[in-house]
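Model the placement of chain B on the given structure of chain A, informed by the hints.
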Amino acid sequence: MARRCTHADRPTTIRLGLVICLAAMTLSGSAEDRAMAEADDAGAIERFVNSSCMNCHDGPAAEAGLDMEPLLTALGRPQALDSHEMSQWERAFERVERGEMPPADAEQPAADSRRGFLAALAADLAVRSRAVQIAEGRTALRRLNRVEYENTLRDLLEMPAPSVQDLLPDDASTAGFDTVAVGLGTSAMHLVGYQEAAERALRAAVPDRPFATLQWSATGREIFERQAEAYTAWNCWLVEDGLAAPSRLRPPYNTVATPAAPADGCYRVRVLGNVINTEGKPLPVSFSITREGSGESETVLAWRDLPADEPKTIEVDLVLRKGQRVDVLGWTLPDWGTVRGKTKEQTAEAQGLPALVVRRLEIEGPLDSWPPASYRTLFGDLPLAPESVAKAIATGMALPKVNERRDDKAWQADPLVPVPIDAKADATRLLRRFLPRAFRRPVPEPLMAAYVAEAHAAIDDGLPFHDAMRETYRSVLCSPHFLLFAERPGHLDGHAVATRLAYFLWRGPPDDQLTATAAAGKLATASGLRTEVERMLADPRVGRFVEDFTGQWLDLRKIDATTPDAKLYREFDSVLQKSAVQETQLFFAELLRCDGSVLDVVDSRWTMLNERLARHYDLFLESPAGLRSPEKRTPLVIGGELRRTTLPPASRRGGVLTHASVLKVTADGTRTSPVVRGAWVCSRILGIEPPAPPANVPNIEPDIRGATTIREQLARHRSDASCASCHRLIDPAGFALETYDAIGGWRDFYRTAAKPGHNALLANYGRWVPRGPDVEQGDRMPDGRPFADIDDYKRLLLEDPDAITRNLATKLVTFATGAPIQFADRDEIDAIVVGMKSQDYGLRTLVHAVVQSRMFQEK
Amino acid sequence: MSHHHEVIESHGHLAVCPPVPWTTPPTQRPFARRDMLRAGAVAIGLPLLDFFCGRRNAMAADRAANPRRLLLVGRPLGYHAPFLFPEKQGLSYEATRYLAHLEPVRGAFTAVSGISHPGHSHHHSEPGLFTGVDWERIAHPDREFRNSVSLDQFVAERIDAETRYRNLVLGKSNWPTSWTAKGAAVPPENRPTAAFQMLFLDGDPGGVAAEMRRICHGHSILDRVREEAKTLGLDLGADDRRRIDLLFSSIREAEHVLARSESWASSPKPKVNLPTPTRDPSAAEVTERERLWFDIVRLAFATDSTRVILLSFGEVGTPKVPADVNPELVGNHHDSSHHGLDESKIAKLATIEDIEMHEFGRFLESMQTTAEGDGTLLDHTVVVSASNLGNASAHSSQNLPVIVAGGGLKHVGHLAFDRTKNQRLCNLFVRVAQQVGVDAESFGTSDGIVSEL
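Chains A and B supply the protein sequences, listed in that same order. Anchor point for the first sequence: position 207 equals 207 in my numbering, and the numbering is continuous, going up by one each time. Anchor point for the second sequence: position 426 equals 426 in my numbering, and the numbering is continuous, going up by one each time.
Just so you know, these hints were derived from the structure itself, not from any lab. Take these hints with a grain of salt, some might be off.
Claimed, not checked - Going by beta-carbon spacing under 10 Å, a handful of chain B positions derived as facing chain A:
1. Pro187
2. Glu253
3. Leu274
Said to hold, decoys possible - Calculated cross-link-like contacts (lysine-lysine; reagent style PhoX-like; alpha-carbon spacing at most 20 Å):
4. B:Lys88 to B:Lys421
5. A:Lys424 to A:Lys391
6. A:Lys409 to A:Lys322
7. A:Lys558 to B:Lys320
8. B:Lys88 to B:Lys410
9. A:Lys794 to A:Lys837
10. A:Lys567 to B:Lys320
11. A:Lys409 to A:Lys424
12. B:Lys172 to A:Lys558
As the list claims (entries may be wrong) - What follows is a set of in silico ranges between Cβ atoms, one per label pair, in the way DEER data are often shown:
13. A:Glu97 to B:Pro141: 18 to 28 Å
14. B:Val208 to A:Pro383: 30 to 40 Å
15. A:Arg780 to B:Lys230: 56 to 66 Å
16. B:Arg241 to A:Ala410: 38 to 48 Å
17. A:Gln165 to B:Ser220: 19 to 29 Å
Think of the CB as a built atom: it goes at the ideal place given N, C-alpha and C, for glycine as much as any other residue.
Isolated chain A (complex conformation):
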């Protein structure tokens, strides 16, 4: 305890922290003794710094601007380190721990000296970090980000449609996630934005006229005959009672579609149909909407396979906004222009082109009952009546006559409003029910009284009941109790745990059952937590977690950020892009569902595939050397729906690294860079944040003129010592992935602008592409182990399963708790990693471990 002795005058909280920290150590007996002994060695830090750091890191002209002298002084003084000093020491620790410092070309310290330094520094930093956690909590005061704000409105008001994200500013991402509290400031723009967002949602929650419900059904023949000439011109024909379309047509101008939704809400769309001329293969039908008024390309909401033989009914539930209609089209059929070009001489029907046959199309909705759930949330069972009627009731006048079938204009002028029985009593009752749900915990009486008083005052002011209530609800939805996570330093109370759980796994507020579980104190026990997490993982809302977490961790949110060069990558299309994102999301969801190994993230014997991806990945039943052209070969998977598929041993597609989605988001659309991909793998998969290149160091800008291949360019990067200290970490992963192009296709050579006579055939697409230089495979790991190709590289990564697990645990903790990993968390993370070993590294197990950890349980 020498360090403690040197700092005998350090505040008590810090010493308390040391005790807790050491108690939490999970090292085995002898290792613990040794660590204790080493941590005891007061001089270890100073000796190591003096002998191994000061040569370069001393004085105002120190390397990388890092002067160790004042840092040593800071460590010796009684006051706590400031955050800058703390971060400098943490950084120093990490780089020495990873063997990056002292650099390879410098004299290396003895193993004992290095170990002694690390142990002593770790003990010291952990104590300091823990002291801050105890006083402040590890997570800063956190507000809902805008995704959470919108989800919260949707769940609280039980309405699927409102979107309010456009009213709120972008959220900053810190340590990789937009849930991290320190990055989430609350500006004046936010405060004004919340007011507008709440207003919009509350207006949408109360219907101003009776539902115009839609219940529509038509046969393909009926649809066709309404515009027979047009459909014929669009190369469609009739098959019995079905409308056969050989192309994707061209929404919104020509299409097969439902009528427009009469109101926001959830709708059920049913298609009875099949496909023809596909040699017995099924094809996917897509359900899409066209962005209103834009004429822009459609947004595919869902797709399902239709069989080739017997017609089949498929049904999907879709959230639609008023005015949106659903286009029902053959997703993978060629576009209309292509088919029109082919049918100059002979009709599509006569040629027997593949086509989607829609025999019956139906839509019904909104599926909500009347009055909608959002209304019942806000106004309970108060009846709805036209405003004129409500006014007459309030003033005791004779009721005006209202024509139930009056037109929209009349409803607009005299909208439906809730009719109170006793305005003030109703306001009290409704608010008492609403507030605890909105604030996600029991509401103290004075706070409750303040909101009730607001509503009563507004009623006294002469405001109509519904306006008074809307204003009060608006106040509720702008309250800090609604916007902020109520967490006090120390162990979280049941409701705060429930809130963390819900925003972690559902990205929204707790439901009634979770709240009840919290109120009953069941979240305070390990088994209670486990039961609740299991229930939550079985709920469809977990899909939001999968989408949001993978969207940020694996950058899937950036899938639209680049458009592949249309000339170079003609095989790229939106079907591939959609399928690729879904592959990765479903892959993660599958791991979560069946407690699959997190090591599958690096390599797996399975993935989620559909026909489009199978073709892209060159996965066919027949060998590529066969005589058949790609159109005639049978992909490993048929149809558009993704399903879990065992990969052939030589597929080179196991794990997310080689998913088309990841390969696309790490490229710029046209070209790839080993540095970008390598840095991505370091930070997302290995959990190493490559330090930013030091600025203004001479030679940082290597002269790469004359280097012809990417490898030559980067060789120069690596021959420069100051570049090499990082690039030897970054580049190997990039080289391992060099055999995948910008859209995730396998490549043996680079594609270049066309040079006559230098073309090569893509076996999976049957397309000729311009052939550039060959891709060189393989490289060396940072520690010098060579690898020959991507399979080899993945195998080497898996030799350190703990690193992969630690990274994912870190990411999950950061995302779930809203705070990056701190020094005092290292032991907790280590314990989770150790525990995972005996649990076959299951992802579901990992989620449980994160939830059960101190990091999750404390503020």
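Same frame as chain A, but now just chain B:
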């Protein structure tokens, strides 16, 4: 004629909320309604600019006083310096590749070389570009981040003109670039369509009275937020209490925003001769995006809707260029910025930067050809275009590419400071603040003033 009368008639001030202390009481407003009528008549006599005088003709009296404005333009990746800065100092420089785009306004701007914020480096210096904060306070954003006020907020707070918006933060950046005095980020509006709507499109179906009621209620919400946040802060640690303090400062600013909307709610917005944009150009549509933003900025100033704007342009990605552009000259913005002197990469970078400089030149020219008061719009607007990177390839934040234009400054063409021992950019910011009428002696890390302009 009748149009203008309608506009003026509708300009009654509906005082529903109690007066807010920071606004000028109606009796002390610098011009009375009769003045506005007279000014309106005068305005009609002026050559019509590309906007119709909606509310603004009423403000012509103000315009005659030659308002002083500030535009800051931020770019995340800088410019390839050899293509920007001339060899020679002064006005008789030989135009470089990039300055060639600014030839039509030679004499109305100064390219400033050898200037920077001490210590800043790398991409995450972006939030410090217009604050010039002590680097250590923002150098480790994952652990600690305490920015200081940015020049736009500093100036806007002090000149606080009676315009519809005190200031605007527009465009896209990787990190926020506008910061309040308390160190809170002011996120930008990144959709031109939304900016256009907020500046030029009326349309509240609920009518003015309902809008007033909403604003009043907004004030009471803010009061309540303040009260509740106070109680909430009691149980928190010191760091979180600082966050609550930041929230209080945001509440005060939101009050100002509401008070301003209140005093403007009853005035129709000015109508301009730019078609209402129907979609937001993507980052890759460089020309369209730059042009639309610059048009909106120019019109916002020309209609005197605000006096201070910060406009950021994010990274481009891979630009969409006309089909006849050689594909060898087109590449990803960030990737080409790390060119390592590779000429093919520099060529790609220059394709993007040429477009940016061209649109910037076009903008300056249009500001210069728009007459206002006894000069031009450009004469009354100090424009500062800058980047937080001087050499993106090396992540260096020394020798930043800075161009100052307009604002009635005495321009000197190329003003070159020592490239190895840089002038402080904050010293230039002090000069700029003074030029727009702010009595400032220091700003950020300034240690003097750039007096050459």
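Going down the list of hints, with the structure as the test:
no.: 1; hint: Pro187; result: holds, 3 Å
no.: 2; hint: Glu253; result: holds, 4 Å
no.: 3; hint: Leu274; result: violated, 19 Å
no.: 4; hint: B:Lys88 to B:Lys421; result: holds, 18 Å
no.: 5; hint: A:Lys424 to A:Lys391; result: holds, 16 Å
no.: 6; hint: A:Lys409 to A:Lys322; result: holds, 16 Å
no.: 7; hint: A:Lys558 to B:Lys320; result: holds, 18 Å
no.: 8; hint: B:Lys88 to B:Lys410; result: holds, 18 Å
no.: 9; hint: A:Lys794 to A:Lys837; result: holds, 19 Å
no.: 10; hint: A:Lys567 to B:Lys320; result: holds, 13 Å
no.: 11; hint: A:Lys409 to A:Lys424; result: violated, 31 Å
no.: 12; hint: B:Lys172 to A:Lys558; result: holds, 16 Å
no.: 13; hint: A:Glu97 to B:Pro141: 18 to 28 Å; result: holds, 23 Å
no.: 14; hint: B:Val208 to A:Pro383: 30 to 40 Å; result: holds, 32 Å
no.: 15; hint: A:Arg780 to B:Lys230: 56 to 66 Å; result: holds, 60 Å
no.: 16; hint: B:Arg241 to A:Ala410: 38 to 48 Å; result: violated, 55 Å
no.: 17; hint: A:Gln165 to B:Ser220: 19 to 29 Å; result: holds, 26 Å
The structure shown violates the earlier hints numbered 3, 11, 16.
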